[in-house]
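Position chains B and C against the provided structure of chain A, taking the given hints into account.
Listed here are the chains, written in short residue letters.
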Amino acid sequence: MQITLLSALDYAGVATFAASGALMAANKRQDVLTFIFFAAITGVGGGTLRDLLIGADVFWVADPGYVIVCTVVAILVWLTRGRMLPGQTLAWLDAVGLCVYAVVGAAKALSLGVSPPVCVVMGVLTATFGGIIRDVLAAEPSILLRRELYISAALVSATLFVGLRMFGADWTWASGIAVALGFVVRAGAIIWKWHLPAFTPPQKRD
Amino acid sequence: MQITLLSALDYAGVATFAASGALMAANKRQDVLTFIFFAAITGVGGGTLRDLLIGADVFWVADPGYVIVCTVVAILVWLTRGRMLPGQTLAWLDAVGLCVYAVVGAAKALSLGVSPPVCVVMGVLTATFGGIIRDVLAAEPSILLRRELYISAALVSATLFVGLRMFGADWTWASGIAVALGFVVRAGAIIWKWHLPAFTPPQKRD
Amino acid sequence: MQITLLSALDYAGVATFAASGALMAANKRQDVLTFIFFAAITGVGGGTLRDLLIGADVFWVADPGYVIVCTVVAILVWLTRGRMLPGQTLAWLDAVGLCVYAVVGAAKALSLGVSPPVCVVMGVLTATFGGIIRDVLAAEPSILLRRELYISAALVSATLFVGLRMFGADWTWASGIAVALGFVVRAGAIIWKWHLPAFTPPQKRD
Chain A
1 MQITLLSALD YAGVATFAAS GALMAANKRQ DVLTFIFFAA ITGVGGGTLR DLLIGADVFW
61 VADPGYVIVC TVVAILVWLT RGRMLPGQTL AWLDAVGLCV YAVVGAAKAL SLGVSPPVCV
121 VMGVLTATFG GIIRDVLAAE PSILLRRELY ISAALVSATL FVGLRMFGAD WTWASGIAVA
181 LGFVVRAGAI IWKWHLPAFT PPQKRD
Chain B
1001 MQITLLSALD YAGVATFAAS GALMAANKRQ DVLTFIFFAA ITGVGGGTLR DLLIGADVFW
1061 VADPGYVIVC TVVAILVWLT RGRMLPGQTL AWLDAVGLCV YAVVGAAKAL SLGVSPPVCV
1121 VMGVLTATFG GIIRDVLAAE PSILLRRELY ISAALVSATL FVGLRMFGAD WTWASGIAVA
1181 LGFVVRAGAI IWKWHLPAFT PPQKRD
Chain C
2001 MQITLLSALD YAGVATFAAS GALMAANKRQ DVLTFIFFAA ITGVGGGTLR DLLIGADVFW
2061 VADPGYVIVC TVVAILVWLT RGRMLPGQTL AWLDAVGLCV YAVVGAAKAL SLGVSPPVCV
2121 VMGVLTATFG GIIRDVLAAE PSILLRRELY ISAALVSATL FVGLRMFGAD WTWASGIAVA
2181 LGFVVRAGAI IWKWHLPAFT PPQKRD
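Chains as they are written, first to last, in this note's numbering: chain A, 1 to 206; chain B, 1001 to 1206; chain C, 2001 to 2206.
Isolated chain A (complex conformation) (with noise of 0.2 Å):
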């Protein structure tokens, strides 16, 4: 097991989300099978989904340390009864992971000869997924359809890692770039609610 910065950030990525995914066990009451069941899902879920989409072997199927990760999160959020992540830890936590993990899942996609803007889907789907599956799982209202900058937090960090790359910036600035303007966009929704203008339908003339 090769660790490198990219799957030391990988990681944290799956250890945040993972503790979102077993909070969720905890708000439903359910047992440890359980949180482990959903910090597993929520932690690799969006990595899952972009190796199959873009053929590569599924990053935790070849190492067995990501499920230890997940297991292990959910153990320690079972055991300290979630005493150790209030709400607001965890939304920042989640904020970082959100925007480290777009830059990895759209980095695995550009090493992979991926074109720039099936890059920048990766790269959300890839911080995204994992939640959308979490909420789907636990029939909660998906972060889909909460009116906050959560998509477009990953959407900046995705898309300034895959254009910076292609103006020939270099790894560590084009990922450090990236993480901190799409975490400024996903604090700004955090603390001051920023939010994208909602659809409004036209009048109805009937």
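Mixed in with the good hints there might be a few duds.
[To be verified] Covered by chain C, according to a simulated footprint, are these stretches of chain A (three or more residues, beta-carbon under 8 Å):
1. 23-33
2. 55-61
3. 127-141
[Said to hold, decoys possible] Restricting the straight-line Cα-Cα distance to at most 25 Å, the calculated cross-link-like pairs of lysine to any residue (SDA-like) are:
4. C:K2028 <-> B:V1185
5. A:K193 <-> B:A1139
6. B:K1193 <-> C:K2193
7. B:K1028 <-> C:E2140
8. C:K2193 <-> C:L2033
9. B:K1193 <-> B:R1146
10. B:K1193 <-> B:E1140
11. A:K28 <-> A:L76
12. A:K28 <-> B:D1170
13. B:K1028 <-> A:G163
14. A:K28 <-> A:P141
15. A:K28 <-> C:L2033
16. A:K193 <-> A:L76
17. A:K28 <-> C:P2202
18. B:K1193 <-> B:F1183
19. C:K2193 <-> A:V32
Don't read these hints as lab results, they were simulated from the structure.
All C-beta atoms, glycine included, are put in the ideal place defined by N, C-alpha and C.
Then chains B and C, alone, in the frame of chain A:
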């Protein structure tokens, strides 16, 4: 990006389903990014599942044109506030898309040497899965559970196409007849509420 | 179509889950096509996810027999109006299917050289994912959130099988013991309502 008849039909089908996804986002009064997300998922969802199942490269990962089409359609629906797509127009577009897509899906599977019964399944999945994911993510009653002939129309198109090809009909005739008869079934469902008999549970004795 | 013990068990598991999918369609008073759709998705869903994740050819795409089995089961449930499958009978069939499938899933992953912890995950996913998709598509409370030992039974079977194989037990013994003990867990859940302790949130101080 090579444009053949099959891929032109393919783009038309993706655009139609993308519009239905964007309209779902409009019903939920979402922002423009969510329009794009729903348009993309509905537009490419069925074909994505087909490609994963038959082990082909996922079509929109190899060709960024599909993601761009979905994005453009979503923005158009947003800008025109859906006025270009009143309910009935969309139902008819969707009916065409459904039958075209059932044939495209079955044809792609056939061309990869998949056995006929499984090709029929692939046609039905390609045509219906985008709409199923759209409904699940929007937390709407699934099209699966509405008692109209929807899956049936896809099944008629896919079965006829595969059957006619088995009996040696050429591509043009097979696809034309298959799309036309599937469309008749769906049109009957839209206009005269055609449906299959629903299950009636046996009398209970207790 | 080569029939070995493993594939015979496989067909039995698919048929059992297909019956539970068809019964869900019966509860929703759907038409016969929706019976087939739910039977197929529930029957092959878990194994499909497993095959996609481990990079194997999807089992029912290569062998049309599975789709045919699901179709036949769905039509039988429709024709007999579910009378052949009263609730309790199905719960017991499902319990057998669950444990057999957990072993079949883990065994397939092991045979492809996947690491033991991931093989356990594959066993659990294979056994439970069909039912999870069934519940999501039917908009029913997910089996994930019911507080009975269901995932646990699959986990016991998958873990025992993988563990016994690691310690050199032969295939027959490992699978027999694994299925039997998983079944005991599930039987306890059905008869005596065995369950794991649910999460209790900490007292709030504010």
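Verification of the hints:
no., hint, in the structure
1, 23-33, "holds (count 8)"
2, 55-61, "holds (count 4)"
3, 127-141, "holds (count 4)"
4, C:K2028 <-> B:V1185, "holds (23 Å)"
5, A:K193 <-> B:A1139, "holds (24 Å)"
6, B:K1193 <-> C:K2193, "violated (45 Å)"
7, B:K1028 <-> C:E2140, "holds (22 Å)"
8, C:K2193 <-> C:L2033, "violated (35 Å)"
9, B:K1193 <-> B:R1146, "holds (11 Å)"
10, B:K1193 <-> B:E1140, "holds (21 Å)"
11, A:K28 <-> A:L76, "holds (17 Å)"
12, A:K28 <-> B:D1170, "violated (56 Å)"
13, B:K1028 <-> A:G163, "violated (32 Å)"
14, A:K28 <-> A:P141, "holds (14 Å)"
15, A:K28 <-> C:L2033, "violated (34 Å)"
16, A:K193 <-> A:L76, "violated (31 Å)"
17, A:K28 <-> C:P2202, "holds (14 Å)"
18, B:K1193 <-> B:F1183, "holds (14 Å)"
19, C:K2193 <-> A:V32, "holds (17 Å)"
Figure legend: structure checked against the earlier numbered hints; hints not met, in rising order: 6, 8, 12, 13, 15, 16.
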